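Construct the entire structure; sequences and hints are all you get.
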Amino acid sequence: MSRTERKIAFVAAATLLCSMLEYLIPKPLPFLKLGLANLPILLVLDIFTFKSF
22 MSRTERKIAF VAAATLLCSM LEYLIPKPLP FLKLGLANLP ILLVLDIFTF
72 KSF
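Residue numbers (my numbering): 22 to 74.
Treat the hints as calculated values from the structure; they're not laboratory data. Among the hints, erroneous ones may be present.
[Claimed, not checked] Here are the in silico distance ranges between beta carbons for each label pair:
(1) Leu53 / Thr25: 27 to 37 Å
(2) Lys48 / Ser23: 36 to 46 Å
(3) Leu42 / Ile68: 15 to 25 Å
(4) Leu57 / Arg27: 18 to 28 Å
(5) Leu38 / Leu66: 12 to 22 Å
(6) Pro49 / Arg27: 34 to 44 Å
(7) Arg27 / Leu63: 14 to 24 Å
(8) Met22 / Leu42: 23 to 33 Å
(9) Lys28 / Leu50: 17 to 27 Å
All values reported here derive from a predicted model rather than from experimental measurement. Note that beta-carbon positions come from the ideal geometry of N, C-alpha and C, so glycine has one too.
Right, dumping it as structure tokens:
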């Protein structure tokens, strides 16, 4: 497994973990979500450059 594939797998695992944690938090309104699963993706877009992938 290459370094890029490991990075992608780590981000996917972090996204799934955040999604599961968000599911456990009670929602005040049925249509209101926190969007925690988007945090790892936004961090990757901010930290890594396009050339690193």
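Range first: 34 to 44 Å. Now tell me if the beta carbons of Pro49 and Arg27 are that far apart. holds, 37 Å
Range hint 15 to 25 Å (beta carbons of Leu42 and Ile68) holds or violated: holds, 21 Å
I want to verify a distance hint. Is the separation of the beta carbons of Leu57 and Arg27 within 18 to 28 Å? Hint holds: Cβ distance 23 Å, inside 18 to 28 Å.
Go ahead and decide if the range 36 to 46 Å is satisfied by the Cβ distance of Lys48 to Ser23. With Cβ atoms ~39 Å apart, the hint holds.
Do the beta carbons of Lys28 and Leu50 sit within 17 to 27 Å of each other? Given range 17 to 27 Å: violated, Cβ gap about 35 Å.
Is it true that the C-beta distance of Met22 to Leu42 lies inside 23 to 33 Å, as the hint says? This hint holds: roughly 26 Å between Cβ atoms.
Lying within 27 to 37 Å: is that true of the beta-carbon distance Leu53 to Thr25? The hinted range 27 to 37 Å holds for Leu53 and Thr25, with Cβ atoms some 36 Å apart.
Quick one: are Arg27 and Leu63 within 14 to 24 Å, going by C-beta? holds, 20 Å
So does Leu38 sit 12 to 22 Å from Leu66, Cβ to Cβ? Roughly 18 Å apart at Cβ, these two residues keep to the hinted range, so it holds.
Checked against the numbered hints listed earlier, the structure breaks hint 9 alone; every other hint is satisfied.
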